[in-house]
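Enquirer: Single-letter residue listing:
There are 2 protein chains.
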Amino acid sequence: MDSKQFKEAATSAIDEIVNYYDTIENRRVVSNVEPGYLRKILPSGPPEEGEAWADIQADIETKIMPGLTHWQSPNFMAFFPASSSFPGMLGELYSAAFTAPAFNWICSPAVTELETIVLDWLAKLLNLPECYLSTTHGGGVIQGSASEAIVTVMVAARDKYLRETTSHLSGLELEDSIAHKRSKLVALGSEAAHSATQKAAQIAGVRFRSIPVSKESNFALTGEALEETLKQCKAEGLEPFFLTTTLGTTATCAVDDFAAVASVLAKHAPPNVPGEIWVHVDAAYAGAALVCPEYQHLTASFEHFHSFDMNMHKWLLTNFDASCLFVRRRKDLIDALSVMPSYLRNEFSDSGLVTDYRDWQIPLGRRFRSLKIWFVLRTYGVKGLQAHIRKHIKLGEVFADLIKTRPDLFTILSGPAFALTVFTIVPKTAGKEAQDQISKEVYELVNKRGEIFITSSVIAGIYALRVVSSNPLAEEQFLRKAFRILVETTEEVRDGKVITKENSI
Amino acid sequence: MDSKQFKEAATSAIDEIVNYYDTIENRRVVSNVEPGYLRKILPSGPPEEGEAWADIQADIETKIMPGLTHWQSPNFMAFFPASSSFPGMLGELYSAAFTAPAFNWICSPAVTELETIVLDWLAKLLNLPECYLSTTHGGGVIQGSASEAIVTVMVAARDKYLRETTSHLSGLELEDSIAHKRSKLVALGSEAAHSATQKAAQIAGVRFRSIPVSKESNFALTGEALEETLKQCKAEGLEPFFLTTTLGTTATCAVDDFAAVASVLAKHAPPNVPGEIWVHVDAAYAGAALVCPEYQHLTASFEHFHSFDMNMHKWLLTNFDASCLFVRRRKDLIDALSVMPSYLRNEFSDSGLVTDYRDWQIPLGRRFRSLKIWFVLRTYGVKGLQAHIRKHIKLGEVFADLIKTRPDLFTILSGPAFALTVFTIVPKTAGKEAQDQISKEVYELVNKRGEIFITSSVIAGIYALRVVSSNPLAEEQFLRKAFRILVETTEEVRDGKVITKENSI
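Protein chains in written order, with our numbering: chain A, 1 to 505; chain B, 1 to 505.
Honestly, I wouldn't trust all of these hints.
Each pair may be met inside one copy or between any two copies, as identical chains are not told apart.
[Claimed, not checked] The calculated DSS-like cross-link candidates involving lysine-lysine, where the alpha carbons are at most 30 Å apart (straight line), are:
#1 Lys63 - Lys383
#2 Lys4 - Lys124
#3 Lys331 - Lys234
#4 Lys234 - Lys448
#5 Lys231 - Lys4
#6 Lys267 - Lys231
#7 Lys448 - Lys428
#8 Lys440 - Lys394
#9 Lys394 - Lys63
#10 Lys383 - Lys4
#11 Lys428 - Lys391
Hints in this document: simulated from the structure, not taken from any laboratory. Quick caveat: nothing in here was measured; it's all calculated off a predicted structure.
All chains, full assembly: derive it from the sequences and hints.
Expert: Okay, here's the thing in structure tokens:
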């Protein structure tokens, strides 16, 4: 494909993408292909001779589109959004054109420096304490996902804990102590924390223990529950070294009691003392709301914590992946993750004047992801981003208010919080089992029909439905439509009169 | 930015990218900005009001370009290439448009299914044994980088080893045994293996030991050296559980003696028996050459190994990132990396009929990276990819032949192998110290002048220069130019007549 062919191909691709976005609401939001659909319609190997772009492009609509679940559709109200935007796409395009696995500063200084700068912009925009800025001892780094970020900081926390708590030992005694401690290390997170913490513990080779939450505290981690778990761990000879605390849990967007967490830890594992517990704030989704002053009080305790992560690729108009991780002490990452073979040595790295982000992450190579963040921040501006968040918060309230108009059908379990409403279906005959059963039936029927796509979750044992109104294309009409579908489907299921209208759109 | 504005912006971006590629050879290949250059010319925060695309785009040429090291320039002969291509960029563009962190099959079935299919295509194209296909017990998965792939399989190997060697125990005895074994686990790789294995060991919390290589065996891992290390480990009470073996080492593109590795392991840690050593083949760069039948004999022993990884983003025309990891038993990955909270449950995953790639990797979410691989394989076709590789192999021979014409200035240390030539500079007065010194001086002066960009490496204690001729835009004229520059610079340095011509282009 030469320059001329690329221009034609790209123009055609841009047209197709624009048309896709302009008409996306007409597509069935969740794919209804059967597992294995694609293998049946693709050849068993690559072609011997190259093919023309027109032939390749034609397959996108006919073969790929049927298998897509359209996360950008305004009818997508599942999980959390994965918001894309046009400036984000332009960033991705330039990033591909400038391809460079910029593991060192000299590999492409702009890749490193723009990342440092836009992450400092973002830290200020989100009202993070100054200690998270690169101009102090901290700084930000773009990771692929919030789960990758958690593994990264957990490994740093593990090695820091082991190093600091055994620094008085040497030789065989040191080795034995580390071996023993390794087997006793435990990472903590509330029951409502994302499963990424448990997975990170598996990867780091440490234990995981979850701290119970309850409806009474709106599914948020409390100081009491943390204290209780710390005591239990101690009684069992375990050594807690890491805690994930969440700003906007996956199931209900609960916000943990950060002040209480800081206060309990100050008592049980004082900061800046060997044995301190690394506290990571997982704000993957709801952290985006911190661009609005009315949410910025939530960061008040963060100066006592160690790391913070927010995904611009969820609610802040930047296509996946753009997980923004901030640490208070970059040295902790570098101590754990730096390896320096001769072919990576260079005068700039040796000088200590530059940042080599490979030491802040698991992979060596990295993409130029700060470009898209830069484009998004500049295209929308601070006011544009605030308006974007506030619109969705408002839509969440509209939806929750609609749900409240039908107490005969729905009970709100939680929210609206950060544009998420969580509710259960009222069964014909009261009882938890009946409630779980009908909630599940309604959920499954709604998704099977595919006019909207929502998720369910089991929260403190209760089966509930989640509707998120923070899709970039979300509008009141779509939330009203979702409400109508939920009412109709619930009435059908309650009355045992399910109408077969599969694949209706 | 609405549809219309995006069309205009994208058209303008495409024009800029085409122009960038058409004139890239005229740019200084390695950036010569000073550390911190960008902060001086950017504002200290994002704008309050959104900006127009024209203003943003203008900053790319004026502010970003000076800080780029142009990996796509034909004058880039450093590290290994990070090859981009127009079809790859189109894939990235669609991937951004279809943004979906497709962690489950139902999140976007096409994302999962296309990945399985193109990785099966690739496995066959590379002549991997059938056990690495998804149609058997294996399969491929796209990772971000070869280093990420190594962490992923090392964690799987660690957990498999611990599980299988302690399966006869229970209770406290099991816990003690695992704690003890954890402290004794050691991952192996040759001295010439990429530092990613050492870093993976740090992340997985295990020891790392490197196996010596020597010039006599052309810096490849031998069976004897492996056997010796295994015996030493045993004598020290260590438990080797993982070995990285390399097809194309970073420094010299050495190929380990796979048959000998298989044979030594069959004796010391028999496969399919508890305590077997997981063998990972790191073919990050040179694995691309397996698309040519003349290299396919190299895969003969891979049926005895456990995983294989090759980066399409190095030498196979796909922009970073596209690291293709294949495993012989996908169950090993899933056993180590699966976590299943309620909000990720769905009927499709529960059915076992679909692949959930989140269980094959560290992160949860994932991009639609198979699109660009699909576009590249189809645009070039098998023959096009073979021609691409063979052209570069040939250019490597041309360059090495040039180097050989000046034995008074250069001594080839290794190669040409897979388009890489490694050589040292002949000092005026013989001696290792003088040779290392002048090699370093020539290397630094060449890169400082920035007409070409090359890398150096220390190989078995010898300081050497590396020239790689596998850049997508590589042509004989650029290799001849590189040779001329090396001759002139060497003569200047040898004669102590370094001319100041910094920033000459």
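Enquirer: Hint by hint, say whether it matches the structure.
Expert: Comparing the hints with the structure gives:
1. Lys63 - Lys383: between (40 Å within a copy, 25 Å between copies)
2. Lys4 - Lys124: neither (43 Å within a copy, 32 Å between copies)
3. Lys331 - Lys234: So lysine 331 and lysine 234 pass the 30 Å test inside one copy only (29 Å; across, 35 Å).
4. Lys234 - Lys448: neither (48 Å within a copy, 57 Å between copies)
5. Lys231 - Lys4: neither (68 Å within a copy, 60 Å between copies)
6. Lys267 - Lys231: Intra 12 Å, inter 49 Å, cutoff 30 Å: intra-copy only.
7. Lys448 - Lys428: within (23 Å within a copy, 78 Å between copies)
8. Lys440 - Lys394: Classified as within; 27 Å inside a copy, 63 Å across copies.
9. Lys394 - Lys63: neither (38 Å within a copy, 39 Å between copies)
10. Lys383 - Lys4: Classified as between; 22 Å across copies, 40 Å inside a copy.
11. Lys428 - Lys391: neither (35 Å within a copy, 73 Å between copies)
In summary, the numbered hints that this structure violates are 2, 4, 5, 9 and 11.
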